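In order, the protein sequence lines correspond to chains A and B.
For the first sequence, numbering that gives the first Met the number 0 gives the first residue as 0, with consecutive numbering after it.
For the second sequence, numbering that gives the first Met the number 0 gives the first residue as 0, with consecutive numbering after it.
Think of the hints as simulated: they come from the structure by calculation, not from any bench.
Keep in mind that this is a model prediction, so the values were computed, not measured.
Rough simulated footprint, nothing fancy, chain A against chain B, three-plus residues with beta-carbon under 8 Å: (1) 107-121; (2) 153-161; (3) 309-323.
Here are the in silico distance ranges between beta carbons for each label pair: (4) G264/A - D57/B: 54 to 64 Å; (5) G149/A - A241/B: 40 to 50 Å; (6) V293/B - R166/A: 23 to 33 Å; (7) A226/B - Y187/A: 26 to 36 Å; (8) A278/B - A174/A: 14 to 24 Å; (9) A275/A - A241/B: 25 to 35 Å.
Glycine included, each C-beta is placed from N, C-alpha and C at the ideal position.
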Amino acid sequence: MAPAQRTERLLNLVIALLSTRRWLRKEQIRLAVPQYSEAASDEAFDRMFERDKEELRDLGVPLVTGTDAAWFDDEPGYRVDRDAWELPAIDVTPAELAVLGLASRVWQQASLAGPASRALVKLRALGVEPDESSLVGVEPRVRTSEPAFGPLYAATRDRAPVSFRYRTGRTGETARRRVEPWAITSCYGRWYLVGHDLDRGAPRVFRLDRVGPGTTRTGEPARVPVPADLDARALVRGRAGAPAERVARIRLPGPAGAGLRLRAGAPADAGEVEVAFADLDELAQEVAALGADARVLDPPDLREAVLDRWRGVLSAHGPAGGAPAGAGAAR
Amino acid sequence: MSPAASRSGPAAARGGRGSGRASGPSAVAAGAGAGDRLSRLLAMVPWLLERQGVALQDAARHFDITTDQLVADLELLFVCGTPGHMPDDLIEAEWESGHVYLGNADAIARPLRLGQDEALALLVGLRTLADLQGVEDSAALEGALAKLSAAAGDAAAAAATSVQLDLAAGADPHVLAVVRGALGRGRRLHLSYLVATRDETTERDVDPMELESLDGRLYLQAWCHRAQGVRRFRLDRVLAAAELDEDGTPPAEAVARDLGSSLFAPGEEVPLVVLDLDADVRWVAESFPVEEVVERADAPGGVRVRLRVADDGWLRRLVLRLGGSARVVAPPALAEQVAAAARAALAAAQNDDGDDGEEPSGDEPPEAPGAAARVGR
Chain A
0 MAPAQRTERL
10 LNLVIALLST
20 RRWLRKEQIR
30 LAVPQYSEAA
40 SDEAFDRMFE
50 RDKEELRDLG
60 VPLVTGTDAA
70 WFDDEPGYRV
80 DRDAWELPAI
90 DVTPAELAVL
100 GLASRVWQQA
110 SLAGPASRAL
120 VKLRALGVEP
130 DESSLVGVEP
140 RVRTSEPAFG
150 PLYAATRDRA
160 PVSFRYRTGR
170 TGETARRRVE
180 PWAITSCYGR
190 WYLVGHDLDR
200 GAPRVFRLDR
210 VGPGTTRTGE
220 PARVPVPADL
230 DARALVRGRA
240 GAPAERVARI
250 RLPGPAGAGL
260 RLRAGAPADA
270 GEVEVAFADL
280 DELAQEVAAL
290 GADARVLDPP
300 DLREAVLDRW
310 RGVLSAHGPA
320 GGAPAGAGAA
330 R
Chain B
0 MSPAASRSGP
10 AAARGGRGSG
20 RASGPSAVAA
30 GAGAGDRLSR
40 LLAMVPWLLE
50 RQGVALQDAA
60 RHFDITTDQL
70 VADLELLFVC
80 GTPGHMPDDL
90 IEAEWESGHV
100 YLGNADAIAR
110 PLRLGQDEAL
120 ALLVGLRTLA
130 DLQGVEDSAA
140 LEGALAKLSA
150 AAGDAAAAAA
160 TSVQLDLAAG
170 ADPHVLAVVR
180 GALGRGRRLH
190 LSYLVATRDE
200 TTERDVDPME
210 LESLDGRLYL
220 QAWCHRAQGV
230 RRFRLDRVLA
240 AAELDEDGTP
250 PAEAVARDLG
260 SSLFAPGEEV
270 PLVVLDLDAD
280 VRWVAESFPV
290 EEVVERADAP
300 GGVRVRLRVA
310 DDGWLRRLVL
320 RLGGSARVVA
330 PPALAEQVAA
340 AARAALAAAQ
350 NDDGDDGEEP
360 SGDEPPEAPG
370 AAARVGR
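Generate the whole structure from the sequences, applying the supplied hints.
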């Protein structure tokens, strides 16, 4: 169905549910909204109606169900709660409306882009013209490229327990985890879920890009008690930016390696630097990128990790690249 | 402009109600789903009811749509109404004169409240701005937060704490404060900046234009006097920043570009490189503007990408970093360059192994480890 026809159907549905004083049963709704006559079967109508109800709730329409005392079966009726319908009168100033516009643009490239811009349209309808003169040109943006964001965001919002497959960073093993979600946080360009791990009986931080497909809810909404003093960002920062535990010594014979010198706080001509690190893999990548312009002196496991990367490159580029015999038989 | 259907016309003039008119040739907001459009209609109706006779263009501008889109919306309203859908049940809409008149829309005369996700998205955005001190007028920010929280209700306000954006993590708070200050006051900045692709530190004066964040990093977009062009600077690579006692208004030709879309924005003249990525480094395809992504049959989860690369050195460093999970397929010369760099790196490391005791390697002073700069903070 074309979007315009669907909009028409939804609008007629909203008006029907708003203008009724009695509960409307599904059969009555089917007759009241002309577009439902296009449903080829009862099942098709049911599917349409379920989808429409969901859509209306997403838009903020206060759809309520109940039964009339005179009914003898337990099939519910529907209507819109008119008292809950209206946006409370808020007297936003032009400057405030501009700030709200900026806040909505944070989501421009993320999965909440739709709700964020719809909210702004609703506020614009209050009749105020935004005044952007107080904005200084700070434009924060987030993205939500992790497929797990949608289901985990919704579960966190609804405070519903979940279960998902998770690949542990340290061991690379995948296992199903059962979690009571507390908060979902973006930090260092990644999304994290903070929650109570039911199997381990302790708070845990999960990276969304390590969550596999097939997140399921394992309980009703509003069942998760969130600690009042939760500081999700501190938990994530503590984990993501784990305090540096070790120090590497790296020789930089040439001018290359400005990034490592910056990280070490060393002068631009330093020939050797000491870099504190927590994540061996990440530092190995940074050093490996420099090729012959960097040499790990210490610790040995970092040195080996860097050498491994170079061997991997050589092997991947195989004999065609003129690699030594045996280095790249794979390709 | 569409030939407006007049309210006075007979019911037949509404012809094809429910099927044709609204989905006709008139433009509909591109990319907007049925829900987004419905939401706009529900916002628009109360606004129009209070402004009978408003000019089409003014109404379109207010809702940030074209007049064609507005007319399409009015056409849609015109065929909707209360059950029965007899002429008297339908919404009245008239715009023939270029002015909009609406009637018989009592059921939807009041603006719809915010949905849960809608309130949450704005509340989280506002808190993020507060974190970054992203607004000059903090009263406007606080006012917006207070009024939105009140309008959203307690439940939505509580749910909004379940999402938190920590965008300033990783940036030096001092650098951030200086940049933010210069931006607010419209002053020129002096930056010491690490150009990672060339691996060198540069000094330059810039006129700040915008502070943006994407994927957890802050970027300053500015007119660079050294490059005589708009440049983007990653805040975590700014070694030092100082506000200068000079006006920092960028020249008229300086136009800010949107971050996500044009981070590198390479042109046609830039050479094309073909890269095979294994599944574990698939993120490369999402982090850089690649022109084509094809799933690889030979490696499950892996992809072959085509991207434009202006700087061979950048690509060499990227592939060395990825350690064998990426392979340069074409051009062959670049593949050889990357392999040669890996070979040279291994050779240099082996050289070191040999000189533990006696023989100093060629380019190092014998006392190298002892004489090294040990600077730590």
